[in-house]
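There are 2 protein chains.
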Amino acid sequence: MTIDVGDSGLQIDGPVLVGPVLVVGAGLIGGSVAMALTSAGVETYVSDLDPVVAHVAVSRGAGSDAEPPDNVRLVVVATPPDHVGAAVVNALTTYPGAVVTDVSSVKAQPLADAQAAGVDVSRYVGGHPLAGSERSGPLASAADLFVGRAWAVVVRDDCDPEAVTTVRSLARVCGATVVDMATDDHDLAVARTSHLPHLVAALTAGALGRGPERHLALSGQGVRDVTRIAAGDPALWRQIVLANADSLTGLLGEVRDGIDELVSSLADRDAGRVEAILRAGVAGTDAIPGKHGGPAMPLGTVRVAIPDEPGALARLFADAGDAQVNIEDLRIDHDPARQFGLVEIDIAADRVAPLLDALLARGWSAHR
Amino acid sequence: MTIDVGDSGLQIDGPVLVGPVLVVGAGLIGGSVAMALTSAGVETYVSDLDPVVAHVAVSRGAGSDAEPPDNVRLVVVATPPDHVGAAVVNALTTYPGAVVTDVSSVKAQPLADAQAAGVDVSRYVGGHPLAGSERSGPLASAADLFVGRAWAVVVRDDCDPEAVTTVRSLARVCGATVVDMATDDHDLAVARTSHLPHLVAALTAGALGRGPERHLALSGQGVRDVTRIAAGDPALWRQIVLANADSLTGLLGEVRDGIDELVSSLADRDAGRVEAILRAGVAGTDAIPGKHGGPAMPLGTVRVAIPDEPGALARLFADAGDAQVNIEDLRIDHDPARQFGLVEIDIAADRVAPLLDALLARGWSAHR
Numbered sequence: 001m002t003i004d005v006g007d008s009g010l011q012i013d014g015p016v017l018v019g020p021v022l023v024v025g026a027g028l029i030g031g032s033v034a035m036a037l038t039s040a041g042v043e044t045y046v047s048d049l050d051p052v053v054a055h056v057a058v059s060r061g062a063g064s065d066a067e068p069p070d071n072v073r074l075v076v077v078a079t080p081p082d083h084v085g086a087a088v089v090n091a092l093t094t095y096p097g098a099v100v101t102d103v104s105s106v107k108a109q110p111l112a113d114a115q116a117a118g119v120d121v122s123r124y125v126g127g128h129p130l131a132g133s134e135r136s137g138p139l140a141s142a143a144d145l146f147v148g149r150a151w152a153v154v155v156r157d158d159c160d161p162e163a164v165t166t167v168r169s170l171a172r173v174c175g176a177t178v179v180d181m182a183t184d185d186h187d188l189a190v191a192r193t194s195h196l197p198h199l200v201a202a203l204t205a206g207a208l209g210r211g212p213e214r215h216l217a218l219s220g221q222g223v224r225d226v227t228r229i230a231a232g233d234p235a236l237w238r239q240i241v242l243a244n245a246d247s248l249t250g251l252l253g254e255v256r257d258g259i260d261e262l263v264s265s266l267a268d269r270d271a272g273r274v275e276a277i278l279r280a281g282v283a284g285t286d287a288i289p290g291k292h293g294g295p296a297m298p299l300g301t302v303r304v305a306i307p308d309e310p311g312a313l314a315r316l317f318a319d320a321g322d323a324q325v326n327i328e329d330l331r332i333d334h335d336p337a338r339q340f341g342l343v344e345i346d347i348a349a350d351r352v353a354p355l356l357d358a359l360l361a362r363g364w365s366a367h368r
Numbered sequence: 001m002t003i004d005v006g007d008s009g010l011q012i013d014g015p016v017l018v019g020p021v022l023v024v025g026a027g028l029i030g031g032s033v034a035m036a037l038t039s040a041g042v043e044t045y046v047s048d049l050d051p052v053v054a055h056v057a058v059s060r061g062a063g064s065d066a067e068p069p070d071n072v073r074l075v076v077v078a079t080p081p082d083h084v085g086a087a088v089v090n091a092l093t094t095y096p097g098a099v100v101t102d103v104s105s106v107k108a109q110p111l112a113d114a115q116a117a118g119v120d121v122s123r124y125v126g127g128h129p130l131a132g133s134e135r136s137g138p139l140a141s142a143a144d145l146f147v148g149r150a151w152a153v154v155v156r157d158d159c160d161p162e163a164v165t166t167v168r169s170l171a172r173v174c175g176a177t178v179v180d181m182a183t184d185d186h187d188l189a190v191a192r193t194s195h196l197p198h199l200v201a202a203l204t205a206g207a208l209g210r211g212p213e214r215h216l217a218l219s220g221q222g223v224r225d226v227t228r229i230a231a232g233d234p235a236l237w238r239q240i241v242l243a244n245a246d247s248l249t250g251l252l253g254e255v256r257d258g259i260d261e262l263v264s265s266l267a268d269r270d271a272g273r274v275e276a277i278l279r280a281g282v283a284g285t286d287a288i289p290g291k292h293g294g295p296a297m298p299l300g301t302v303r304v305a306i307p308d309e310p311g312a313l314a315r316l317f318a319d320a321g322d323a324q325v326n327i328e329d330l331r332i333d334h335d336p337a338r339q340f341g342l343v344e345i346d347i348a349a350d351r352v353a354p355l356l357d358a359l360l361a362r363g364w365s366a367h368r
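Chains A and B, in that order, are what the protein sequence lines are.
Heads up, the first sequence is in our numbering, so the first residue is 1 and it goes up one at a time.
Heads up, the second sequence is in our numbering, so the first residue is 1 and it goes up one at a time.
Isolated chain A, as found in the complex (with noise of 0.2 Å):
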């Protein structure tokens, strides 16, 4: 059967999932799952510590946020990360016919939690999907927050197999890609990933934060990279990287291993090990997979000077479309001074020229 998903004018085939659905938490996460599901046509429920939270969801289409019935049939829990283990032992004894999932970040956790309270976790599935904003609460919400993202289900040995099956079911109804794995693996590729990313960015960010306020007139698009994610709400991430401690030390001992072997190497200018190390960046931004879970593909760069003013992008795109390329990723530079930007188009490698031609034909400044 085919489902609609959200106003994304995207179409489904899977199975169907059945309701009634409640779910716990209706914070960005919890809001759009709710979202997602009553705009599929599945009966959903809504709760939250804070009523006023639950309300602006179900303004919002998350569905109802009345009682919910004792047949709820799934319980997704989408509270904050310290309250995860608790809130899945509460919905495993409330709803003693109910499947229940969680969308937290770090699975060995709640999973603890749950067995240490001696309820039968097996009706318990965690889940993960890979939503990421700097943004949170339910004005944050959306139906289409998770189409054509990934969706990390946790199966383990003693997970009864019609669970899993329904926890697929809701990454799927919410239009997310379902990617199965183990709750350790899952933890550590998430620290990897993600939470270790988080964390040197912080770090980055906080000695930029130390210098003085003249150095950072030479900041430059590497450096916003770099650090853009350590914008992230503190109270949030503390509770990830606490909840993933164990997966975390042993990545943070090798980065301070790093940077122990580089300090001695340019003490010693051994450029040798100096480039190793460099080499061995290159190699791990090699090993991130492309576009659509595919190899690298080999992309090329077109930069344009564009004036700084509304319309402009517009524009560059209409002319950039008429030489049929497929933007692959964009950046805007954000320029020092002056009243314009510089945009930085990646596309296939073999697309750069035709795009450059006709670029250049439209009288725009461009170049590789």
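Keep in mind that the hints were calculated from the coordinates and are not lab data.
None of these values were measured; they are calculated from a predicted model.
Just so you know, even glycine gets a beta-carbon here, dropped at the ideal spot from N, CA and C.
Hints are supplied without guarantee of correctness; some may be wrong.
To be verified - Which bits of chain B does chain A cover? Going by a derived footprint, with three or more residues having C-beta under 8 Å, they are:
hint	segment
1	193 to 206
2	261 to 269
3	272 to 283
Said to hold, decoys possible - Derived list of chain B stretches under chain A, where covered just means 3 residues or more per stretch with a C-beta under 8 Å from a C-beta of chain A:
hint	segment
4	145 to 158
5	215 to 225
6	246 to 254
With chain A's structure known, arrange chain B on it following the hints.
For chain B alone, coordinates are given in the frame of chain A:
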């Protein structure tokens, strides 16, 4: 007087730069300087250890690769970092009437090299255009590479004032904005805002590369941002960080101390200390100057789902243009499995609602 800069259609008011100018090293930066000067009507010569590189630059509009006349007024040293000191000494000796500058990203070492060689350094004024690029070589050069960028001019008490004026004119003729800085201050500033972020990105990317490949399926935009600059040329960056080793050692120590503090806070499950480190990171990102050097503008983000096909961005920006919003930045999220993408558009916070309305009215799936 008014000078046309490259093909950009921009005109710069400022002092004229009188040639002949000799650019030593015809790679990305040297070639681009020579092209900017030539297109501004300044008599320009380029040389390179590899005559083919010089020839390619000349074929792209970098002036002449003939033997320069004896009356060279300005020598711009644009060699790889390891060779800047020797090339500055050579230029000061060969052209006793010329001003000498360089374009390398570290300023203490070339000066120390020149002083150690016993030459008169009053005609040497170091410079540093901030036009980073992951590309290199003469084919990547462009007359407008520096338009809108900062160009640090390192003024010393022992500099001939006319030499300082000449180097400032060079920066302006290339379309850049002059930022005056002292030698050690400059090197500390770039260590903090460029070289440290590069090394941290390289270490983080290196940690990624050591993980199992399946973990990288969870890579989102955050880790891509943090590690992007780690893809830069290791041979070039090895020279840069070694030349700035003294400034970097202290900063690397700061990051190592931060890691030690994090590891111990995680071991103690000390939420307050972890959150303090994260808050320092937020403060650091807030300290980076906003666009055009002014205070950071409050920005909001609009997220739009677009089909992954040629022309989709063009249609999006054509529609966005009608809302008369000025796009400050944008990102395209690479999806793990689906054939469409998410575009995140950063605009002034008070323009979020009008843009959202305009896009929804045109049938886009957009949310905050």
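Hints, one by one, checked against the model:
Only when three residues or more bring their CB closer than 8 Å to a CB of chain A does the claim for the segment 193 to 206 of chain B stand; here the count is 13, and the claim holds. With a cut-off of 8 Å between beta carbons, the segment 261 to 269 of chain B has 5 residues touching chain A; three or more are needed, and the interface restraint holds. With 9 residues carrying a beta carbon less than 8 Å from a beta carbon of chain A, the segment 272 to 283 of chain B meets the three-residue requirement, and the given coverage holds. As drawn, the segment 145 to 158 of chain B meets chain A at 6 residues by the rule of a beta-carbon pair under 8 Å; at three or more, the given contact holds.
For the segment 215 to 225 of chain B, the stated coverage by chain A holds: 11 residues have a C-beta nearer than 8 Å to a C-beta of that chain, and at least 3 were required. Check result for the segment 246 to 254 of chain B against chain A: holds, 6 residues qualifying (beta carbon to beta carbon below 8 Å, three or more required).
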